[in-house]
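J.: When you get a sec, could you build the whole thing from the sequences and use the hints?
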Amino acid sequence: MNTPNLEDMGCGTSSATKDKKSEKALKAALVIQNWYRGYSARLKTRQRYALTIFQSIEYADEQGQLQLSNFFSFMLENYTNVPEKEPGLVTRLFGSSIQDKDRQDYLGLIEIPDSYCGPRLQFPLTFTDIDLLIEAFKQQQILHAYYVLEVLFETKKVLQQMPNFTHTNTSPSKEITICGDLHGKLDDLFLIFYKNGLPSVTNPYVFNGDFVDRGKNSMEILMILFVSFLVYPNDLHLNRGNHEDFMMNMRYGFTKEILHKYKMRSVLMPPIPMDGDRAEKKNKLGTATVALGIRTSGSFSEQLTKQEWEQVIDILWSDPRGKRGCYPNTNRGGGCYFGPDITSKILNKYQLKMLVRSHECKPEGYEICHDGKVITVFSASNYYEEGSNRGAYIRMSSGTTPRFFQYQITKATCFRPLYQRVNAIESSAIRMLKERMISRKTDLIRAFQLQDRNKSGKLSMGQWAFSMENVLGLNLPWRSLSSHLVTTDKDGNIDYMSGFQDVHIQKPVKEVQSSLIETVYRYRSDLQIIFNIIDSDHSGLISMEEFRSMWRLFKSHYSVHIDDSQFDELAERMDLNKDGSIDFNEFLKAFYVVHKFDQLNKSDTKLA
Amino acid sequence: TVAHQVPLSKGFSRQEYWSGLPFPSPGDLPNPGTESTSPALAGGFFTTEPPEVAVAEFHKKIKEAFEVFDHESNNTVDVREVGTIIRSLGCCPSEGELHDLIAEVEEEEPTGYIRFEKFLPVMTEVLLERRYRPIPEDILLRAFEVLDPAKRGFLSKDELIKYMTEEGEPFSQEEMEEMLSAAIDPESNSIHYKDYITMMVIDEN
Chain U
3 MNTPNLEDMG CGTSSATKDK KSEKALKAAL VIQNWYRGYS ARLKTRQRYA LTIFQSIEYA
63 DEQGQLQLSN FFSFMLENYT NVPEKEPGLV TRLFGSSIQD KDRQDYLGLI EIPDSYCGPR
123 LQFPLTFTDI DLLIEAFKQQ QILHAYYVLE VLFETKKVLQ QMPNFTHTNT SPSKEITICG
183 DLHGKLDDLF LIFYKNGLPS VTNPYVFNGD FVDRGKNSME ILMILFVSFL VYPNDLHLNR
243 GNHEDFMMNM RYGFTKEILH KYKMRSVLMP PIPMDGDRAE KKNKLGTATV ALGIRTSGSF
303 SEQLTKQEWE QVIDILWSDP RGKRGCYPNT NRGGGCYFGP DITSKILNKY QLKMLVRSHE
363 CKPEGYEICH DGKVITVFSA SNYYEEGSNR GAYIRMSSGT TPRFFQYQIT KATCFRPLYQ
423 RVNAIESSAI RMLKERMISR KTDLIRAFQL QDRNKSGKLS MGQWAFSMEN VLGLNLPWRS
483 LSSHLVTTDK DGNIDYMSGF QDVHIQKPVK EVQSSLIETV YRYRSDLQII FNIIDSDHSG
543 LISMEEFRSM WRLFKSHYSV HIDDSQFDEL AERMDLNKDG SIDFNEFLKA FYVVHKFDQL
603 NKSDTKLA
Chain G
2 TVAHQVPLSK GFSRQEYWSG LPFPSPGDLP NPGTESTSPA LAGGFFTTEP PEVAVAEFHK
62 KIKEAFEVFD HESNNTVDVR EVGTIIRSLG CCPSEGELHD LIAEVEEEEP TGYIRFEKFL
122 PVMTEVLLER RYRPIPEDIL LRAFEVLDPA KRGFLSKDEL IKYMTEEGEP FSQEEMEEML
182 SAAIDPESNS IHYKDYITMM VIDEN
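Chains as they are written, first to last, in the numbering used here: chain U, 3 to 610; chain G, 2 to 206.
The set of hints was computed from the structure by calculation and includes no laboratory data. Backbone N, C-alpha and C fix where the C-beta goes; we use that ideal spot for every residue, glycine too. Everything hinted at is true.
Heads up, incomplete: computed chain G residues facing chain U, CB under 7 Å, no partners named:
(1) A144
(2) V147
(3) Y164
(4) G169
(5) E170
(6) E179
(7) D204
Some, not all, of what chain U presents toward chain G, calculated at C-beta under 7 Å:
(8) T47
(9) L420
(10) Y421
Here are the in silico distance ranges between beta carbons for each label pair:
(11) F167/U to P187/G: 53 to 63 Å
(12) S173/G to D343/U: 32 to 42 Å
(13) D343/U to E105/G: 22 to 32 Å
T.: Pasting the structure below:
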């Protein structure tokens, strides 16, 4: 390139040269700007795609969750029809009677040792207890089970006296703050309190449910919220989300967190407004193991009618959409989609101005739709991954427009450049997607081969995308994602087997059919939940007979076509049989996905 | 991406600014299709399929890209995201060209939303005509070199800021900060553009 050397020209550059020079600079700048804007847009799109993947998979899992609930309902309804050789199992599941034990009976079982140096609460609670807890949790201390129980009993007592709907008054001098999902992310709650102040009579809060699951501090969040509620029952309002549910907690991590943090194995969840559940308690003498579980699903509770339960699901699971009318929420498998016309109708009917709800992760932490009548607020930043989304909270009062505050937690003192953050969440999303693919490998290959008449091993983009969407049931931009998942030849055709190349499910035993391995891997979360429920004493072991019975029932309800004998053989070969009992955690752990290019050996198996 | 209101005086079309530069005119450039820096362009975009199939595939691809930004699932997107969608499909319009495209897909009375029904035919034609081709790596490198006539191999932070925010179709502050966060070498406070370009290209492939 022959760029004139300016230094040779001396001071006497003519104005023509100056103009030419500045014109060149202008054009060069245009090139760079043009390129950068294209690159930046593609980065943002990749980020959005990653989020779409996370969200699709999350909702598909929620479908699985509701399917599992249906399975339990199915079993409950068919209790009398269960063949005679299964009665032991079903009794174990449903026969446990509800004993209304006294609060004092439970508290009497627990002693706080002198060596305990965690936070000590004083009843009746005051605002100093809130501060105490926050400081303690900042130092990663764990609240003793004794206090946890006290708080829970007290909260339950107060909540039971409250109506399902609470009314609160605001004014420009007394604004209310509304927060969305927190999902166990303590740092987000700390940030909100730091920026917005602690709850008090002059600083009221509404928390829109989903306090627990997924994050690692569900218990701490719950304790802070409940204690704050007990101190300010008229100014701290807690609404129920779909994760305030015993079965969800088993799948999405709250139960696991409790079992991990509290070796006493206490599982507690008192009722929160908008529920109709009750406590199911069991006591194992000699080891002071206390297990309290609130069965909130309609299948276990006898206090909710089927219609009531359906209403609860509608309230806790539905999402607003642009299409008019009300139709089933096929993404989640429960609740419905409701359009702007429905919103208007309901708001007008009850003379309400707007609906503030949560339940959906939004990149900016909040989103307004339905002509400003519906606001979604989501307070767990980095919900899927670091960098995936911002969190937000709203301040409002009657007569003023709502104000939105956004934030994003980061571990580093300054943000990594955007492309690094996007890379991180993109890799994570693609990884999850690949694991999904491998768990349906047999079905996918069958679908591909059906379309591959010539047995060439190749399909057109359209054919490949069609099969992927159909088999996986995920509505994703397959064409745009294809470059991450498969190899394409120069004619634009896809080598469909290439999608399975760098990932496989570890076979716990060599001589087992792939389809069985895939099936167990695919349903591992469901199986884990079922086993946990059977394992009422939390020993980690269930009898071989129960194991087999459960598998048979599961198989028939989920229409899984695997030979019983194969499953038996698998269990036998895995040699997990310990004196007639099977260690099901070991069993499930043995099924994990190996990513070829991982440095670690195991991928993240997100078991409940 | 915010669609800037580009001053109408800067009516550069791509043809104009290509021919002004002291490096090869488009005719001599390698075919952008084979040297694309974006995976969006790889894999089946320009194939040897018959035109009807190609159009159908374009439609699906455009729909996919559109849907990702269609938050309410009602076949509309916020007009401020249209630039991002178009660029995600592998096109690189200038801000001025983008402005014109938006005018084509907007409603008679702009609502702030763009409907898919209007977007699809316009975008299909853009793709079929291969308009707004992306800039190949070597042209990009040469552009940086033009701004670095002393051939130091880098631009100072101030120099880059000056060019990007004062010349051409200026960056917003957000765009400038974003570019700097990845491009700048914090120790020397300068941008080693060759390394930067290489890094960006690797990132996309």
